[in-house]
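Student: Protein chains in written order, with the numbering used here: chain A, 12 to 125; chain B, 64 to 177.
It is worth saying that the hints were derived from the structure and are not from the lab. C-beta atoms are modelled at their ideal positions from N, C-alpha and C, and glycine is treated no differently. Hints may contain errors.
Here are the simulated lysine-lysine pairs, DSS-like style, with alpha carbons at most 30 Å apart [as the list claims (entries may be wrong)]:
id, chain 1, residue 1, chain 2, residue 2
1, B, K74, A, K89
2, A, K66, A, K89
3, B, K120, A, K84
4, A, K112, A, K89
5, A, K81, B, K74
Just a few of them, taken from the derived set where beta-carbon distance is under 8 Å, the chain B residues facing chain A [to be verified]:
id, residue
6, G79
7, A85
8, G105
9, Q166
This is what each chain is made of:
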Amino acid sequence: AQTVTQSQPEMSVQEAETVTLSCTYDTSESDYYLFWYKQPPSRQMILVIRQEAYKQQNATENRFSVNFQKAAKSFSLKISDSQLGDAAMYFCAYRVGGSEKLVFGKGTKLTVNP
Amino acid sequence: DAEITQSPRHKITETGRQVTLACHQTWNHNNMFWYRQDLGHGLRLIHYSYGVQDTNKGEVSDGYSVSRSNTEDLPLTLESAASSQTSVYFCASRYAVAAGDTQYFGPGTRLTVL
Chain A
12 AQTVTQSQPE MSVQEAETVT LSCTYDTSES DYYLFWYKQP PSRQMILVIR
62 QEAYKQQNAT ENRFSVNFQK AAKSFSLKIS DSQLGDAAMY FCAYRVGGSE
112 KLVFGKGTKL TVNP
Chain B
64 DAEITQSPRH KITETGRQVT LACHQTWNHN NMFWYRQDLG HGLRLIHYSY
114 GVQDTNKGEV SDGYSVSRSN TEDLPLTLES AASSQTSVYF CASRYAVAAG
164 DTQYFGPGTR LTVL
């Protein structure tokens, strides 16, 4: 069974600093997709970034980037120049190609200190 | 702008009552999903639909049903609400043109069953 593990229930970072959130997953599939979602206090789930497993290049979206280590089944999220608005729960998620089922980790609560 | 909405945003009901949560999207997405979010579990898939008249069970479907009579709506019904169904419910949709297309989430409905 596919599982997604976020080993850090909580993280904190100083404003303008960089923080990395960890995610590992377990799968025997070769075609899959990985996602990071942000959930602020408003509870809205917002897509931050996604990575296709067949792509070797790490995805980047402005201040957000990932370190995708396929052999290690690791998919960490780096937030650069952290802002107060980045404070939220962050969920790592996995989906097999051709499947509709998103498997989520339990989340990491990120606090940004001014 | 196209969007996905859920109603009500908050609902309190009693054990044994039937409850229906609405989900409406204006993206013309063919795939729609319902998740529940509980502390310590992340998000778990309840039901999903690939299109009109199609519905499929997810990971935690017992006690829930859905119907898809048009592209825009996927209502979730709790036939006889139980206290274990107290949760936050998220609807999501995806336009499955390419295998990697992302799910977009509604704002969530907080349901309390007393």
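Student: Tell me, in ascending order, the numbers of any earlier hints that this structure violates.
Tutor: Hints 1, 5, 6, 7 are the ones this structure does not satisfy, whereas the remaining hints hold.
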